[in-house]
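K.L.:
Here's the letter readout for the chains.
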Amino acid sequence: MTAETEHIQISGKWPLTQYRWKTGGVLDKFVQGLRERQIYGTKCSGCGTVFVPPSLICPRCQSRLKLERKENWIRISDKGIVVSYTISHMTILGGLKERPVRPIYIIVKLDDTDTSNMAQLMQTEEDQVHVGMRIKVDWPDNPKGALSDIFYFKPLLAP
Amino acid sequence: MRNIAIVGVGITKHVSKRRDVNIPEFVYEAVKAAIEDADIGIRDIDALVTGNMPGFEGVNCPELWGGGYWGGYKKPMLRITTGGSTGSSVAQGAFYLVASGVFDTVLTMGFEKQSDGATTVGLESAGMSDFVAMRAYGMPELDPAGAIGMFVFQAISYMARTGCTIDYFDRAAAMLRSNAAKNPYAHIQQQVTAEDIADTPMIAYPLRFGHTCPTSDGACAMIVTTKEKAQKMAKKPAWVNGWSSCAEEASIAGLHGAGSINIDPFDQRGCKFAATKAYAMAGIKEPQKEIHLAEPYVPFAHQLFLYPERLLLFNEGESFRQFDQGVMHRDGRLPICPSGGVVSSNAIGAAAMIRIAECALQIMGKAGERQVTRDVHTAVAHGLGGQANFNVVTVLGDKPAGR
Numbered sequence: 030m031t032a033e034t035e036h037i038q039i040s041g042k043w044p045l046t047q048y049r050w051k052t053g054g055v056l057d058k059f060v061q062g063l064r065e066r067q068i069y070g071t072k073c074s075g076c077g078t079v080f081v082p083p084s085l086i087c088p089r090c091q092s093r094l095k096l097e098r099k100e101n102w103i104r105i106s107d108k109g110i111v112v113s114y115t116i117s118h119m120t121i122l123g124g125l126k127e128r129p130v131r132p133i134y135i136i137v138k139l140d141d142t143d144t145s146n147m148a149q150l151m152q153t154e155e156d157q158v159h160v161g162m163r164i165k166v167d168w169p170d171n172p173k174g175a176l177s178d179i180f181y182f183k184p185l186l187a188p
Numbered sequence: 005m006r007n008i009a010i011v012g013v014g015i016t017k018h019v020s021k022r023r024d025v026n027i028p029e030f031v032y033e034a035v036k037a038a039i040e041d042a043d044i045g046i047r048d049i050d051a052l053v054t055g056n057m058p059g060f061e062g063v064n065c066p067e068l069w070g071g072g073y074w075g076g077y078k079k080p081m082l083r084i085t086t087g088g089s090t091g092s093s094v095a096q097g098a099f100y101l102v103a104s105g106v107f108d109t110v111l112t113m114g115f116e117k118q119s120d121g122a123t124t125v126g127l128e129s130a131g132m133s134d135f136v137a138m139r140a141y142g143m144p145e146l147d148p149a150g151a152i153g154m155f156v157f158q159a160i161s162y163m164a165r166t167g168c169t170i171d172y173f174d175r176a177a178a179m180l181r182s183n184a185a186k187n188p189y190a191h192i193q194q195q196v197t198a199e200d201i202a203d204t205p206m207i208a209y210p211l212r213f214g215h216t217c218p219t220s221d222g223a224c225a226m227i228v229t230t231k232e233k234a235q236k237m238a239k240k241p242a243w244v245n246g247w248s249s250c251a252e253e254a255s256i257a258g259l260h261g262a263g264s265i266n267i268d269p270f271d272q273r274g275c276k277f278a279a280t281k282a283y284a285m286a287g288i289k290e291p292q293k294e295i296h297l298a299e300p301y302v303p304f305a306h307q308l309f310l311y312p313e314r315l316l317l318f319n320e321g322e323s324f325r326q327f328d329q330g331v332m333h334r335d336g337r338l339p340i341c342p343s344g345g346v347v348s349s350n351a352i353g354a355a356a357m358i359r360i361a362e363c364a365l366q367i368m369g370k371a372g373e374r375q376v377t378r379d380v381h382t383a384v385a386h387g388l389g390g391q392a393n394f395n396v397v398t399v400l401g402d403k404p405a406g407r
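So the protein sequences, as listed, match chains Z and Y. Following the numbering used here, the numbering of the first sequence begins with 30 at its first residue and continues without gaps. Following the numbering used here, the numbering of the second sequence begins with 5 at its first residue and continues without gaps.
Only chain Z is shown next, with the shape it has when bound in the complex (with noise of 0.2 Å):
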C-alpha cells in the first residue's frame, strides 16, 4: 500500500440530532434564579451535603431529593475560593496551537457547598492567581438564565 492510497475519507456528518438525551429538570429553578443573580443550591436530606448545581440524586447516601420542598433548596453566596487552576498555553481545536490570550480555568468551591465546578477566572494576572484566592461571580450586566451567567468569576479583593 503506498501513501497516497493509505487514506480514505468518506465525507459526512456525526448525526448528532439523532441522538435524544434528556438534559434533565432539576437544573431548571438553578438556572431561573440566576436571572436574578441569585444561586440555589440543594442540600441532601439525608447527609447534609450541599450541591451546586443541584443533584437529583446523592452520590453519596444515594437519597433521592423532593423538588417540590422549600427546605430542601439553600440560597448559596456567589463568592468562594480557588482549589486549583490551570493556565491554558495552547488550544487543541483544529490540531496543536498556541493561544493569543491564555485563559486561566480555575476549579471553584462557592463558600458553604461540598462541591466545586470548572469556571473561568477573569481580571486576573498570571502570577496573581493562587490555590485559596478569594474570588466572586462576575456577573453579566443582564443575567439570562443559563449557566455561562456564572462561568465568570474576579478576584474578591475586599472581603
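Incorrect hints may appear among the rest.
[What the hints assert, rightly or not] Once the Cα atoms are required to be at most 30 Å apart in a straight line, the calculated DSSO-like pairs of lysine-lysine come out as: (1) 17(Y) <-> 370(Y); (2) 138(Z) <-> 72(Z); (3) 42(Z) <-> 21(Y); (4) 95(Z) <-> 51(Z); (5) 21(Y) <-> 126(Z); (6) 281(Y) <-> 293(Y); (7) 42(Z) <-> 99(Z); (8) 72(Z) <-> 276(Y); (9) 108(Z) <-> 42(Z); (10) 293(Y) <-> 36(Y); (11) 51(Z) <-> 99(Z); (12) 138(Z) <-> 276(Y).
If you're looking for bench data, these hints aren't it; they were derived computationally from the structure.
Please build the complex by placing chain Y on the supplied structure of chain Z, with the hints as guidance.
P.N.:
Only chain Y this time, still in chain Z's reference frame:
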C-alpha cells in the same frame, strides 16, 4: 476463593501508527505472544475477557470483528470498558472468573489502535450527552485541551499542598522516558535529561509537552489460571494475591461531574480505598516495607509522585523527596515504573493492563534489560480511568497468598 496466577504475557511494540495491520490482526500479535509465553495452546483457554475504548477507533463492537482471531470461537467472551483504567478492569474481570471457580484458564486482552481513529472524537463521545446538556443550559464553549484539562488541576493541587515544583516534573519525565529507552515495547524510547524536558513547550501550566503521554497503537494480553495449572504451566508464575477497585463520583469536567463531592482531584480517596482493600486481600500489612516495586498509572509526570502516595507506598507529600534520593529509580529501593510508564506508551485500553503485566514480568524475572536491580517478591499495579474517579489496584507476589 481459589489462588490464581499470571502465567503468560504478550505486549506489542507501541508505535504511533501501525498501518500494516487491522485491529484484529494487531491484537492477535499480543494474544499469540501471551499464549506462546505460557507455552500452551488456544484449546487450553476456557474463556476470554477483552476491552478497549470503542469510540476511539469508531468500532463500537470490535470483538464482533476480532473474536475469532483471538481464539473466541465457541467460548464465552466478555467486554469491559472503564476509560483509562479499562486494561486493569478487564484483567480483574479475568481474576474474578478464575478465582471464583467458574473457569480455569482465561485469556484477557486490552488494546487501542489510535491511528485507526480519532482520540479527541472518542473522548467527546464519552461526554457528548453531558456537553449537550450543558449547552442546553447555556454553558459557553470550552476547550480544556483533552485529558490534560482534567489532570492539570491535580498537578497544581499537588504543588500547592506539598511544596513540589515543576523541575521535579521535568526530572520525573526524564527518568520515565529513560526507563522506556530500555523497554523494547515502549513507544517513546528516549534517553533524555530534565533539561531536555524543560525545553518543551508549556501546554497548560504547569504541564509541559514533555510531561504528557503520547497517543499509541498497542495491545497487551495475559493468561490467568488456577494454582494447580499455574504450577504446571510456568516455572515461576506471578501470583495475583489481591485486587480491588473503587468508583467515586466524577470530578470537575461535565455537568454531572461539576456537582461532585470529590472537590479536589488531588485527594484520590478511591485509590487509597482500593489499595487498602487489595493489600488486605494479599495479606500485606505494611505496604511501605513489604512492596518492592510499583507500576502506577502515570500519563502525566506529576502522577509519578501523587499515585505512589495514594497507593500508600510513601507518606503524603513525601514521594518527591524520596525521588531525590534515587528511591524510585531502576536501581532504587522501590522502583516505580521501570517500564517507562504511560507517559512513554499510551494505548488507552492496553495501558492499565500493561501495568499488571510489567509487574508480573518483574516477578517472573522476565523483564529483560528493564529488570530492576533489587529482588522483586511483591509488586503493586494501578489503573486510573474515567475523570480520575475509577481506581483499580492489583497486588502481585512470587508466592500464592495464604488462603
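K.L.:
Each hint should be assessed against the structure and marked as holding or not.
P.N.:
How the hints compare with the structure:
Proximity of residue 17(Y) to residue 370(Y) is assessed by CA-CA distance (about 16 Å); at most 30 Å being required, the pair is judged to hold. As the CA atoms of residue 138(Z) and residue 72(Z) are separated by approximately 15 Å, the hinted pair is consistent with the 30 Å bound. Of the pairs offered as hints, the one joining residue 42(Z) and residue 21(Y) holds, with about 25 Å between alpha carbons and a cut-off of 30 Å not exceeded. Only pairs whose Cα atoms come within 30 Å are accepted, and residue 95(Z) paired with residue 51(Z) is accepted, the gap being roughly 19 Å.
Of the supplied pair hints, the one linking residue 21(Y) and residue 126(Z) holds, its CA atoms being roughly 22 Å apart against a limit of 30 Å. The hinted pair formed by residue 281(Y) and residue 293(Y) meets the criterion: a straight-line CA distance of about 17 Å does not exceed 30 Å. At roughly 45 Å between alpha-carbon atoms, residue 42(Z) and residue 99(Z) are farther apart than 30 Å, so this suggested pair is violated. Straight-line distance between C-alpha atoms of residue 72(Z) and residue 276(Y) comes to about 27 Å, which keeps the hinted pair within the 30 Å bound.
Between the alpha carbons of residue 108(Z) and residue 42(Z) the distance comes to roughly 42 Å, so the proposed pair goes past 30 Å and is violated. Taken as a hint, the residue 293(Y) and residue 36(Y) pair is broken in the structure, with Cα atoms around 37 Å apart against an allowance of 30 Å. Restraint check: the Cα-Cα separation between residue 51(Z) and residue 99(Z) comes to about 25 Å, which is no more than 30 Å; the hinted pair holds. The hinted pair formed by residue 138(Z) and residue 276(Y) meets the criterion: a straight-line CA distance of about 23 Å does not exceed 30 Å.
Consistency with the previously given hints fails for numbers 7, 9, 10, ordered from lowest to highest.
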